[in-house]
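One-letter residues, chain by chain:
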Amino acid sequence: GQQVMQIPQYQHVQEGEDFTTYCNSSTTLSNIQWYKQRPGGHPVFLIQLVKSGEVKKQKRLTFQFGEAKKNSSLHITATQTTDVGTYFCAGPTAGGTSYGKLTFGQGTILTVHP
Amino acid sequence: GAGVSQSPSNKVTEKGKDVELRCDPISGHTALYWYRQSLGQGLEFLIYFQGNSAPDKSGLPSDRFSAERTGGSVSTLTIQRTQQEDSAVYLCASSLRWGQAFFGQGTRLTVV
Numbered sequence: 015g016q017q018v019m020q021i022p023q024y025q026h027v028q029e030g031e032d033f034t035t036y037c038n039s040s041t042t043l044s045n046i047q048w049y050k051q052r053p054g055g056h057p058v059f060l061i062q063l064v065k066s067g068e069v070k071k072q073k074r075l076t077f078q079f080g081e082a083k084k085n086s087s088l089h090i091t092a093t094q095t096t097d098v099g100t101y102f103c104a105g106p107t108a109g110g111t112s113y114g115k116l117t118f119g120q121g122t123i124l125t126v127h128p
Numbered sequence: 009g010a011g012v013s014q015s016p017s018n019k020v021t022e023k024g025k026d027v028e029l030r031c032d033p034i035s036g037h038t039a040l041y042w043y044r045q046s047l048g049q050g051l052e053f054l055i056y057f058q059g060n061s062a063p064d065k066s067g068l069p070s071d072r073f074s075a076e077r078t079g080g081s082v083s084t085l086t087i088q089r090t091q092q093e094d095s096a097v098y099l100c101a102s103s104l105r106w107g108q109a110f111f112g113q114g115t116r117l118t119v120v
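In order, the protein sequences belong to chains Y and G.
No gaps in the numbering here: position 98 of the first sequence is 112 in my numbering, and each next residue is one more.
No gaps in the numbering here: position 65 of the second sequence is 73 in my numbering, and each next residue is one more.
If you're looking for bench data, these hints aren't it; they were derived computationally from the structure.
Keep in mind the model is a prediction, meaning the values are calculated, not measured.
Heads up, a few of these hints could be off.
Unchecked claim - Computed footprint of chain G on chain Y, listed as stretches where at least three residues anywhere in the stretch have a Cβ under 8 Å from a Cβ of chain G:
| hint | region |
| --- | --- |
| 1 | 38-49 |
| 2 | 53-59 |
| 3 | 100-106 |
| 4 | 117-126 |
Unchecked claim - Which chain G residues face chain Y? A few, computed with CB under 7 Å, are given here:
| hint | residue |
| --- | --- |
| 5 | Gly-50 |
| 6 | Leu-51 |
| 7 | Tyr-56 |
| 8 | Phe-111 |
| 9 | Gly-114 |
Glycine included, each C-beta is placed from N, C-alpha and C at the ideal position.
Construct the entire structure; sequences and hints are all you get.
Structure follows, in C-alpha cells:
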C-alpha cells in the first residue's frame with residue numbers, strides 16, 4: 015500500500031534558525047497536505063498543494079510540491095517559539111478500495127529553544 | 009455542529025472493561041477516520057470510512073477493536089477487554105473525499 019515517509023523525526027533549533035521537514039511518498043500523489051499539531055492539541059490543516067512544482071508561502075512558511083508529485087517540503091524561516099509542534103504531511107490514496115484515504119507521514123517534532 | 013465532536017474527552021477505565029468512544033463528524037463529510045496517538049508519537053491509523061463503501065479496517069491492532077458508522081454520520085469506536093497498552097489519545101477526523109481532514113479534540117483513554 016501507499017507509504018508516506020517524513021524526515022527528520024525530531025528537530026531541535028535555536029529561535030531564529032531555519033527548519034525544514036521533508037515528505038516522500040511511495041506513489042504519485044494527486045495532492046499533498048500539511049498539518050500542524052501543537053503540544054496537547056489536535057492536528058490542524060495548514061495547506062494543500064496540487065500542482066507539480068507548486069510553491070506556496072504562508073508568512074515564514076514555504077511549502078513545495080516536487081515535480082514528480084512524490085515529495086514535498088515545509089521550510090520555516092527564522093523559527094519562533096510559536097512554531098513548536100509536530101508537522102505532518104498527508105497524501106490521498108489514488109485507487110483501490112481505500113480511494114481518497116489520507117495517509118499521514120510519521121511527523122516531525124519541532125522544538126524551538128529561546 | 010461547527011466541527012468534529014468527540015466524546016468523552018477523557019475516559020478512565022479498569023483493565024478488562026469495554027469502552028465506547030464517539031465521534032460526530034462535520035455534516036456532509038463522507039470520510040471519517042479514527043487514529044490513535046501515544047504521547048510524543050505520530051498518528052497511528054485505525055480505520056477509514058468512506059460513504060457507503062466497506063471500511064478500511066487495516067489499522068485495527070487486534071480483534072478487540074471495532075468501529076461502526078451509522079447512517080453515514082456518527083461513528084463509535086469500541087475497545088473490548090481494555091489493556092494498559094490501549095491507553096492513548098484517540099482522534100477522529102472527517103473530510104470530503106479529496107478535502108482536508110478536520111480533527112476532533114480527541115478522547116484521552118487511560119486504562120488502569
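Right, here's what the structure says about each hint:
1. 38-49: Our answer is that it holds, as 4 residues pass the Cβ test (under 8 Å) against chain G, meeting three.
2. 53-59: holds (count 4)
3. 100-106: holds (count 4)
4. 117-126: Since three or more residues must qualify, the claim that chain G covers the region 117-126 of chain Y holds, with 6 doing so at under 8 Å.
5. Gly-50: Nearest chain Y Cβ about 4 Å off; hint holds.
6. Leu-51: holds (5 Å)
7. Tyr-56: holds (5 Å)
8. Phe-111: Interface hint status for Phe-111(G): holds (4 Å vs cutoff 7 Å).
9. Gly-114: Since the shortest Cβ distance to chain Y is 6 Å, the answer is holds.
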